[in-house]
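The residues making up each chain are set out below.
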Amino acid sequence: MQTIDMYPPYILQMYGVYDTHANKMEVSAEQVEQAVVEFYQDPVAKSGLNAWLMQAQHSRHSWTFAWPLLDPSKPEEVQFFAGNTIYMKVSRYWHEVPKEEYEPLKMKILSLIAQYSRSKVILNRLVKSLGAYVIHTIQLDWTTAIQDIITMFDPGTVSGIDPSVALNLLFSILTIIPEELETMQEAMSINSKDKQVITGAVRNSHQAVLSLISQVMQAGQVSNVIKEVVLKTLNAWLKLSLPLSETRDLLVALIPYSNYALLCEPVMDALRTAVTDVGTYNIPNTVMEFVTQMLRLAPILEEAQRASDENTASLIYSLFTSVVECHSRLLLQCALQAEHQATVVQVVALLLQCAATPGQYPTDETTSNIPFAVWFTIQDDIMTFEGEQQAELLQLFQPVYLKLVDTFIQKSLLPAEDALTSEEQEMFRCYRQDICDTYMYAYYVLRGEMLSHLEVHLKDAVVKMQSNPSDWRYLEAVLHAYSSVAETVAETDNFYVPRFIQSIPQIPFSDNIQLISVALTTLGAYADWLNYHQDHMHHVIPLMVEGLVNASLVGAASQALRDLTLECPLTISPFSQPILTSCQRALEQSRLESAETERIMTIISRVLSVGKDQPTIMTYLNDTLTPYISRLSHLKDLMGNGISRDQHNELVSLLKLLSCLARHLNLNNSTVEEDDDDDGTTRRHSQVVSGEPQPLLLVLQQLMPLLSDIAAKATTDQEIIEALCKLLKNSISTLVDDCVAILPAILEIIPQLYEASLNPAILDLVKQLVILFGRDGNQENNMGVLLRMVTATTLNRASADLWSHTDAIHGCLMLLSASFKKTPNLIVSHHNHITPLFHLGVEALKLPEEGTVRAAGQFLASFINLSRDPNVGCLQPVVAHNTETLVRTLMFCICNSPRHSLTSFSDVLSALCKMYGDDLARTFKTVQADETFLSPRVNAQQKEDFAKKVLKNRGSKRRILEAVTDLALIGRGLAGTDYGAQTRGFH
Amino acid sequence: MTYQLYRNTTLGNTLQESLDELIQFQQISPSLALRVLLQFDRAINQALANKVRARITFKDTLSVSYNKLNTYRFCDNVWTFLMSDVEFKDVQEFAQVDKLKIVACDGRGESTK
Numbered sequence: 001m002q003t004i005d006m007y008p009p010y011i012l013q014m015y016g017v018y019d020t021h022a023n024k025m026e027v028s029a030e031q032v033e034q035a036v037v038e039f040y041q042d043p044v045a046k047s048g049l050n051a052w053l054m055q056a057q058h059s060r061h062s063w064t065f066a067w068p069l070l071d072p073s074k075p076e077e078v079q080f081f082a083g084n085t086i087y088m089k090v091s092r093y094w095h096e097v098p099k100e101e102y103e104p105l106k107m108k109i110l111s112l113i114a115q116y117s118r119s120k121v122i123l124n125r126l127v128k129s130l131g132a133y134v135i136h137t138i139q140l141d142w143t144t145a146i147q148d149i150i151t152m153f154d155p156g157t158v159s160g161i162d163p164s165v166a167l168n169l170l171f172s173i174l175t176i177i178p179e180e181l182e183t184m185q186e187a188m189s190i191n192s193k194d195k196q197v198i199t200g201a202v203r204n205s206h207q208a209v210l211s212l213i214s215q216v217m218q219a220g221q222v223s224n225v226i227k228e229v230v231l232k233t234l235n236a237w238l239k240l241s242l243p244l245s246e247t248r249d250l251l252v253a254l255i256p257y258s259n260y261a262l263l264c265e266p267v268m269d270a271l272r273t274a275v276t277d278v279g280t281y282n283i284p285n286t287v288m289e290f291v292t293q294m295l296r297l298a299p300i301l302e303e304a305q306r307a308s309d310e311n312t313a314s315l316i317y318s319l320f321t322s323v324v325e326c327h328s329r330l331l332l333q334c335a336l337q338a339e340h341q342a343t344v345v346q347v348v349a350l351l352l353q354c355a356a357t358p359g360q361y362p363t364d365e366t367t368s369n370i371p372f373a374v375w376f377t378i379q380d381d382i383m384t385f386e387g388e389q390q391a392e393l394l395q396l397f398q399p400v401y402l403k404l405v406d407t408f409i410q411k412s413l414l415p416a417e418d419a420l421t422s423e424e425q426e427m428f429r430c431y432r433q434d435i436c437d438t439y440m441y442a443y444y445v446l447r448g449e450m451l452s453h454l455e456v457h458l459k460d461a462v463v464k465m466q467s468n469p470s471d472w473r474y475l476e477a478v479l480h481a482y483s484s485v486a487e488t489v490a491e492t493d494n495f496y497v498p499r500f501i502q503s504i505p506q507i508p509f510s511d512n513i514q515l516i517s518v519a520l521t522t523l524g525a526y527a528d529w530l531n532y533h534q535d536h537m538h539h540v541i542p543l544m545v546e547g548l549v550n551a552s553l554v555g556a557a558s559q560a561l562r563d564l565t566l567e568c569p570l571t572i573s574p575f576s577q578p579i580l581t582s583c584q585r586a587l588e589q590s591r592l593e594s595a596e597t598e599r600i601m602t603i604i605s606r607v608l609s610v611g612k613d614q615p616t617i618m619t620y621l622n623d624t625l626t627p628y629i630s631r632l633s634h635l636k637d638l639m640g641n642g643i644s645r646d647q648h649n650e651l652v653s654l655l656k657l658l659s660c661l662a663r664h665l666n667l668n669n670s671t672v673e674e675d676d677d678d679d680g681t682t683r684r685h686s687q688v689v690s691g692e693p694q695p696l697l698l699v700l701q702q703l704m705p706l707l708s709d710i711a712a713k714a715t716t717d718q719e720i721i722e723a724l725c726k727l728l729k730n731s732i733s734t735l736v737d738d739c740v741a742i743l744p745a746i747l748e749i750i751p752q753l754y755e756a757s758l759n760p761a762i763l764d765l766v767k768q769l770v771i772l773f774g775r776d777g778n779q780e781n782n783m784g785v786l787l788r789m790v791t792a793t794t795l796n797r798a799s800a801d802l803w804s805h806t807d808a809i810h811g812c813l814m815l816l817s818a819s820f821k822k823t824p825n826l827i828v829s830h831h832n833h834i835t836p837l838f839h840l841g842v843e844a845l846k847l848p849e850e851g852t853v854r855a856a857g858q859f860l861a862s863f864i865n866l867s868r869d870p871n872v873g874c875l876q877p878v879v880a881h882n883t884e885t886l887v888r889t890l891m892f893c894i895c896n897s898p899r900h901s902l903t904s905f906s907d908v909l910s911a912l913c914k915m916y917g918d919d920l921a922r923t924f925k926t927v928q929a930d931e932t933f934l935s936p937r938v939n940a941q942q943k944e945d946f947a948k949k950v951l952k953n954r955g956s957k958r959r960i961l962e963a964v965t966d967l968a969l970i971g972r973g974l975a976g977t978d979y980g981a982q983t984r985g986f987h
Numbered sequence: 001m002t003y004q005l006y007r008n009t010t011l012g013n014t015l016q017e018s019l020d021e022l023i024q025f026q027q028i029s030p031s032l033a034l035r036v037l038l039q040f041d042r043a044i045n046q047a048l049a050n051k052v053r054a055r056i057t058f059k060d061t062l063s064v065s066y067n068k069l070n071t072y073r074f075c076d077n078v079w080t081f082l083m084s085d086v087e088f089k090d091v092q093e094f095a096q097v098d099k100l101k102i103v104a105c106d107g108r109g110e111s112t113k
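Chains as they are written, first to last, in the numbering used here: chain H, 1 to 987; chain E, 1 to 113.
Honestly, the hints are just simulated from the structure, not real lab data.
Check each hint, because a few of them may be wrong.
Reference excerpt, derived from the structure (chain E facing chain H, CB under 7 Å, subset only) [unchecked claim]:
#: 1; residue: T9
#: 2; residue: N13
#: 3; residue: D20
#: 4; residue: P30
Cβ atoms here follow ideal geometry from the backbone N, Cα and C, with glycine treated the same way.
All chains should be built: construct the whole structure from the sequences, respecting the hints.
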């Protein structure tokens, strides 16, 4: 007799199973019963009992103690525990059952099933136990299991059980068997090859089951409740990939049952399982015949619609949607054959009818959204045909898609205001987005035909709007359709899009804000097309510039113009004057939101960047920026005396506004010069061709004193620091080398901010400067000082409490990694910090954030790789003296840190292996000798295997990652489990 | 289709970490953890396919300094795009990211192909 071990001694003593001499004892049914009762009385306080009960359940004792507990006189929770234990033992511990016990075990389970036939919860456990039993024995020991079970529970002959209960029981067992097959691989540790064999053995009995199902479905005296159970059994068996040729007749005979509310869903499920099974791809003719027979559902659908039975209609439409999604290519092939074409047309017409379900989505109906995916699939598959076949299919389906466009225009009409709740509005928004996508697919089938069709709708909508301005929703829906295909038509159409653009000024918008907003958004979507058709720009610009000065339209207008200035930097140039005037008026007049002001500043910057001389630009900027800079200066003055939250937000917004200017005001935007210096590095110049400085530089030169003052007053204000850093970063990106003129001011700002705040945004700025100027003869020294300041500050402030400064450590290590690659001269020329920085990198490997660990990995790998370079000799001793600390940290982290960081650990190990192979081999030996290290999960042999795998594969990063992953699984106790194997490749 | 690529997301990684811990503390068995993970695969594939309506547009613009497509590949029915300086447009708002990797799989229903 086996005994339980590994559970806490106090639990064992409490239940009398702990023997101080032997340390192990047996478990009795009484002890288990007492434990279960006590546990259920107070599950939270007795969580230790849970562990004990689980252990008892897994032990060999459970084969003994479970049976006496399955007694109706016992408390229900005890009986349930026992039932569950039997299921677990039969399914997962089958290897513990000797062959001579198979038959007695079966008899015990069957007799208990009969005994508990009316107790649903415990019966379920017992039925699952029988299902697991059948799966383990059907292959060799109980090959007639299915037939025997059908005979045993035959309601006509069974004794001791009510016939209707017996029927229910029989089908419950028959349902459980294929369901248990599904879970067996995970739960019962049965490999996929055995699963195939067992599935084959179960499937061999399908005819008996199908015949039984057919009989019961035809029997008049059987209730629909039982028939629902029967249909679920059928569905479970169909999932075993039964041949459609054998199930077809039964399935077709079931179609009339879909008229009954209770049976409709299981009938549809069964039909879907059968017709979408993988095996059906090999029997196209049978599938087509079956689909033709499925059309017998059409009268049931009509009846459901007459009775406003949305549930039945949805189920039928969903079934046909699945058929098309699964067999679209077959259906298209058949559409080319005269004998099948009618079936295909009828199926597609059914789905078109579904899309056109009358009423408002989602309040009146929720079925029209069902076939959305179908329209993409059909279109996508039509395009896989070639030549005449494709032409024939297009001819057949173009009327379908045209009808679909008409339908969608109707279905996408905006409802009256307040007609939908916020949740319904969101559903309708998603619905319109799906329509938007489907317009795109329709365009691929229809091309010019669709635009021609939309033109007809546009004319109709304009006429309706003219006669009744309140009837604007139709026009809005048509504009929505135009905007949906804007990016798809791109520059290819030269006939319909010009006509649409030309018609915009003629549309009677009647000051309807909602309508004009949609028109502006639509025009913004055509920005790419307009870039290739400059001659049409004059049709769209007036609406946009007028929109800018209207407080209700400035959002949509600024967005459309922003799109236009980004897409058409050159073609928009002739319209710069009205745009700039309107922008200025918008900034003066309206009370704008921060995002709108930023968009307008982007428009101004982009427009000024093309075709303007410097005096013109400066004059405009002076006029535009002066009020903002004055306001910024005023807010700066207030900062000393306490600034309100609103004023603080305003200051941040102003910095963001200037950030937009710095990003987009670039006179060299489209003609950036690149040439090589003597040392081969690429240099960039921002100076304009005329030799004059960039206007941005002139602005910044005036602005820097103000920014310095703000920085001095906001050294710990993270929001202001981040906005300021973004502004400086954008400025440097635009001006590149020419920012030297403002560099002294920037170099003054950075230390005071970083020393006070350790904000990673500053490190990002430093990285940009170091990469740009780190090899510049004039600035190299300044960059060295800057880098030293940053590293010294990070070490001083963060080393004592790494967990509180992970973002700063992350930024600092990223900066140093970049510097190792681009400007190693800056790091190695000052030795003082090198050892502490290496230690910081090693310690950072233990931090919880993935990004910080990745940065540490990159830093250490760069450090190690560079350390063998003879020009930077100071790094090598640091690595050599700290190899053991690094290896121990890496191995500890591999076993304990989140698994998504394994690649980072592996990268460091690869670098170490490549550059310090001998040192690593020695270190591994030392680590192996330390028995306590990584004990008890990782033993000495496993450590040795890991070391061997790493050292053997020093050239292969992939193999080293495999070794690291294997150690990670061992360290977590997951080695050898399916879960471990399944999750091995994802980190 | 049920893809496993969402395991390598913050949500997936965090779930795996939690499962790892639960196994180590003997709160659940590895086979139950695997079932949870497979359920996660099914649920996230279904949710992303059916509940998200987001349209992202991007294009290769070589000469200007935004929206640059650096690399793209199509392998084993999976598209991969590597982009830099990408702007996301969400109705009224813009968000900018320096580097973007898009991994795209065929998201059509389970019954499809």
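Restraint check, 7 Å cut-off on beta carbons, for P30(E) near chain H: holds, 4 Å
Interface hint status, T9(E) versus chain H (Cβ within 7 Å): violated, 10 Å
Status of the N13(E) interface restraint (C-beta, 7 Å, chain H): Interface hint status for N13(E): holds (5 Å vs cutoff 7 Å).
Interface hint outcome for D20(E) [beta carbon to chain H under 7 Å]: holds, 5 Å
Violated hint: 1 only; the structure is consistent with all others.
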